[in-house]
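Here the numbering used here is used: the first residue of the sequence shown is 2, the next is one more, and so on.
Hints are computed from structural coordinates only; laboratory data are not their basis. Watch out, some of these pointers could steer you wrong.
What the hints assert, rightly or not - With a straight-line cut-off of 25 Å between C-alpha atoms, the simulated PhoX-like cross-links for lysine-lysine are:
hint : residue 1 : residue 2
1    : K64       : K110
2    : K64       : K44
3    : K44       : K139
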Amino acid sequence: MAVSAVFTAALLLPDIPLFARILGLPLFGAGGLLLAYTALSRKVALRVDETGVLLGGSPVRYKATTAHVPWGDIESFVLWRQATGSASLPYVGVSRREGSPALPGDGPKARAIVKHLVPVPADTVMSSRVVTGWRLDKDRLIAAVGHFAPGIPVQDGF
């Protein structure tokens, strides 16, 4: 948010060309507002409780992309990383049983894209969430899984 605020303020300086303002203000201004909304909305990113696992959705389309996976559909938790150039992004997901209902965003096009790009099976990708903008406490996750669903393993690929 700070970077967006700095760029937005810089674009308001008197010597900045008009085309830079026209392109930059919507990009950095709207981007900063979206980041602020996401940070302040306090939406759930991941919840483990007695009913199963809630995988929080995209901040822009939260209701449409949020998914609940009951314990009966879960075989294991998978903590994995996706390479992004010189860095990597951590993900948390669940490996679901065969025949479990499709989750939001799961479809043939999405599976075709991820099939060649990620180090885990497509089923796991469809039931994973990136750990950015929030912190995953692995010890609390392991404790919650052990409490609500003893016997379901947590595979740590971080």
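Each hint, compared with the structure:
1. A C-alpha spacing of about 21 Å is found between K64 and K110, which places the hinted pair at or below 25 Å, so the restraint holds.
2. With a C-alpha separation of about 10 Å, the suggested pair K64 and K44 falls inside the 25 Å cut-off, and the hint holds.
3. Annotation: proposed proximity of K44 to K139 holds, straight-line Cα distance about 20 Å (limit 25 Å).
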